[in-house]
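I would like the entire structure built from these sequences, with the hints used as guidance.
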Amino acid sequence: MGEKLLEIKDLSIRYTTDKIISRAVNHVNLSVDRGEVLGLVGETGAGKTTTALSLLGLLPKYTSEIEGSIEFEGEQLVGMKEKQFRKIRGKKISMIFQDPMTSLNPVYKVGEQIGDVIRIHNKKMNNIEIEKRVGELLNMVGIDAGRINDYPHQFSGGMKQRVMIAIAIACNPDLLIADEPTTALDVTIQAQVIKMMRGLQQQLGSSVILITHDLGIVANFCDKVAIMYGGEIVESGTLEDIFDKSRNHHPYTEGLFGSIPNIEERSDRLKPIEGLAPHPSELPEGCKFHPRCPKSMDICRAGDNPPVVANGTHCIQCYLAKEGK
Amino acid sequence: MSEEILLECKNLKKYFNTPRGTLHAVDDVSFKLEKGKTLGVVGESGCGKSTLGRTILKALDPTGGKIIFEGKDITDMKKREFTKYRKDMQLIFQDPFASLDPKMSVYQIIEEPLKIFKVFKTKKETEDRVIELMKTVGLDERYVNTYPHELDGGRRQRIGIARALALNPKFIICDEPVSALDVSIQAQVLNLMMDLKDKRGLTYIFITHDLSVVKHISDDILVLYLGKMVEKTDSDTLFAKPLHPYTKALLSAVPIPDISYKGKEAEVVKGEVTSPIDPPEGCRFAARCPRATEKCFAKTPDFYEAEPNHFVACHLYE
Chain R
1 MGEKLLEIKD LSIRYTTDKI ISRAVNHVNL SVDRGEVLGL VGETGAGKTT TALSLLGLLP
61 KYTSEIEGSI EFEGEQLVGM KEKQFRKIRG KKISMIFQDP MTSLNPVYKV GEQIGDVIRI
121 HNKKMNNIEI EKRVGELLNM VGIDAGRIND YPHQFSGGMK QRVMIAIAIA CNPDLLIADE
181 PTTALDVTIQ AQVIKMMRGL QQQLGSSVIL ITHDLGIVAN FCDKVAIMYG GEIVESGTLE
241 DIFDKSRNHH PYTEGLFGSI PNIEERSDRL KPIEGLAPHP SELPEGCKFH PRCPKSMDIC
301 RAGDNPPVVA NGTHCIQCYL AKEGK
Chain P
1001 MSEEILLECK NLKKYFNTPR GTLHAVDDVS FKLEKGKTLG VVGESGCGKS TLGRTILKAL
1061 DPTGGKIIFE GKDITDMKKR EFTKYRKDMQ LIFQDPFASL DPKMSVYQII EEPLKIFKVF
1121 KTKKETEDRV IELMKTVGLD ERYVNTYPHE LDGGRRQRIG IARALALNPK FIICDEPVSA
1181 LDVSIQAQVL NLMMDLKDKR GLTYIFITHD LSVVKHISDD ILVLYLGKMV EKTDSDTLFA
1241 KPLHPYTKAL LSAVPIPDIS YKGKEAEVVK GEVTSPIDPP EGCRFAARCP RATEKCFAKT
1301 PDFYEAEPNH FVACHLYE
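Those protein sequence lines, which keep their order, are chains R and P.
Read in our numbering, the first sequence has 131 at position 131, and its numbers run on one by one without any break.
For our numbering, add 1000 to where a residue sits in the second sequence, where the first one is 1.
Keep in mind that the hints were calculated from the coordinates and are not lab data.
Here the structure is a predicted model, which means the values were calculated and not measured.
Hints should not be assumed to be uniformly reliable.
Said to hold, decoys possible - Restricting the straight-line Cα-Cα distance to at most 30 Å, the calculated cross-link-like pairs of lysine-lysine (DSBU-like) are:
hint	chain 1	residue 1	chain 2	residue 2
1	R	Lys271	P	Lys1197
2	P	Lys1037	R	Lys271
3	R	Lys271	P	Lys1135
4	P	Lys1013	P	Lys1084
5	P	Lys1170	R	Lys271
6	R	Lys19	P	Lys1103
7	R	Lys195	P	Lys1241
8	R	Lys271	P	Lys1248
Unchecked claim - Counterexamples of contact, computed for chain R against chain P with all Cβ distances above 10 Å:
hint	residue
9	Lys61
10	Arg89
11	Gly258
Think of the CB as a built atom: it goes at the ideal place given N, C-alpha and C, for glycine as much as any other residue.
Structural data, given as structure tokens:
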């Protein structure tokens, strides 16, 4: 613990199409230590997935522009050559995609799909060794190794997601990016998958970036949390920093918590955030959240972003945040 | 029982014939729904929630049982006669990506029911109504001529809701209406639906797999498992004192956004939903149930009143 694995500094990503420029990610700073689980929380269009794709060098080549720095194990990932990136992708950084139903190739056996990753990164392994490793991986994710020759359609949604996880952990990656891994699953299956992922994370010691919109999963699984809105990180800190209601919070974070129906108490109405999240092509001036913010002031509407106020590990990007408690 | 019953289902069944046998999608479901109340129907994928909704609306023909709407048996009603009731019963679909015609603009989609039922005589009136509906559901007017593929999931679902509201129905079946939406938008939509309910006296059947949502919006909750009713009671009781092991498992699987729960291993139920094709005699949850006994595999439990107004189908409480 404590050793820096990934450091993102002032990362901005823009997508350009014919006329529209989408500022998907704006001046993001993030760091992940070895063995740490970071929760990246935000709504659709907040830039979570774009951030993740930039770590894997999977952004569209001709329509995206990337600025800033991503340092992974001391190596600069921004501007890295595709040839070098291939050695990292799948081996050191791997990703679990959101939708297991569409992420697996329907015409290949799952064993082959898991084996592919191993084959690419371990040229010296022969087929028998690979098959043995695939069997081990299937066991690790709770699937009977005898199903190695089954096709994806023979698996249920939860099982497919387990196969995806097996592919992602095939080369013991240092960093695992899980993009909404349980959104498509039922609650009881979600609980199984989260429990399994937590077990694997501890067993393998990988760092995880968990992208989600479910604060319940974050509370269960993560060490650190970063909350994204409009391509920016509006609040970040340890789990305690974010979930302690007595502390100062960004109004967006408060809104997120107010939007969740509480299973333990009965309330008449939720307290949602008014309005809609802005499209990344039409982000407002000043604080990106001000049009929806119940506490917005004149100062929020103009000029630059509000300053980031830090209290130890807890950072808030808001004019209302105060130093100290 | 002085309240007016809007909808009643009696032993409703829907089976599908498949090459591998008969699929029991909805098996013996009975309930009464009072006017202005909300019934939450909870269960995992494949438990027959959506089929139940569709059967009630007669989008599917029931295999057995009765559907009584406003005191009238609509089970075997002819299509022509049923049209009258169709206006009062609407459905909000689950997947806003698949349920909207990609070749129709937002305006056309919302306008369609108004056109079919010839609600307005002039184009102006129809236009005003469409705009009003868009405002009601929080859709910006500038989207009126866009197509569904240009909009995100949240906005698409609002179109679906606007369309369902177009004919001022009495009763709406909401089939996972918020499961595809972001939390802040989800809360807006839920509030909107509750406001509409209060304002227009709507009655809902709210189908969902999200227990925190169902608790928030429902008066009564019905838990389904593989087409069978498992537990039914009012929403407070269900959350405070669940009886059936499946309900308990469902409740403990919900991740709670509070760090005091971190590290506490929730009781994770093993296995996955078994096949609903030709299910054997016995409790359908028995294979996954942590408290299953031999009796559970041998005999199907009845759905009985274990406590006042608290129905359960489990041998444990007999």
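Evaluated hints:
{"no.": "1", "hint": "R:Lys271 - P:Lys1197", "result": "holds (18 Å)"}
{"no.": "2", "hint": "P:Lys1037 - R:Lys271", "result": "holds (22 Å)"}
{"no.": "3", "hint": "R:Lys271 - P:Lys1135", "result": "holds (20 Å)"}
{"no.": "4", "hint": "P:Lys1013 - P:Lys1084", "result": "holds (24 Å)"}
{"no.": "5", "hint": "P:Lys1170 - R:Lys271", "result": "holds (27 Å)"}
{"no.": "6", "hint": "R:Lys19 - P:Lys1103", "result": "holds (24 Å)"}
{"no.": "7", "hint": "R:Lys195 - P:Lys1241", "result": "holds (25 Å)"}
{"no.": "8", "hint": "R:Lys271 - P:Lys1248", "result": "holds (28 Å)"}
{"no.": "9", "hint": "Lys61", "result": "holds (24 Å)"}
{"no.": "10", "hint": "Arg89", "result": "holds (29 Å)"}
{"no.": "11", "hint": "Gly258", "result": "violated (7 Å)"}
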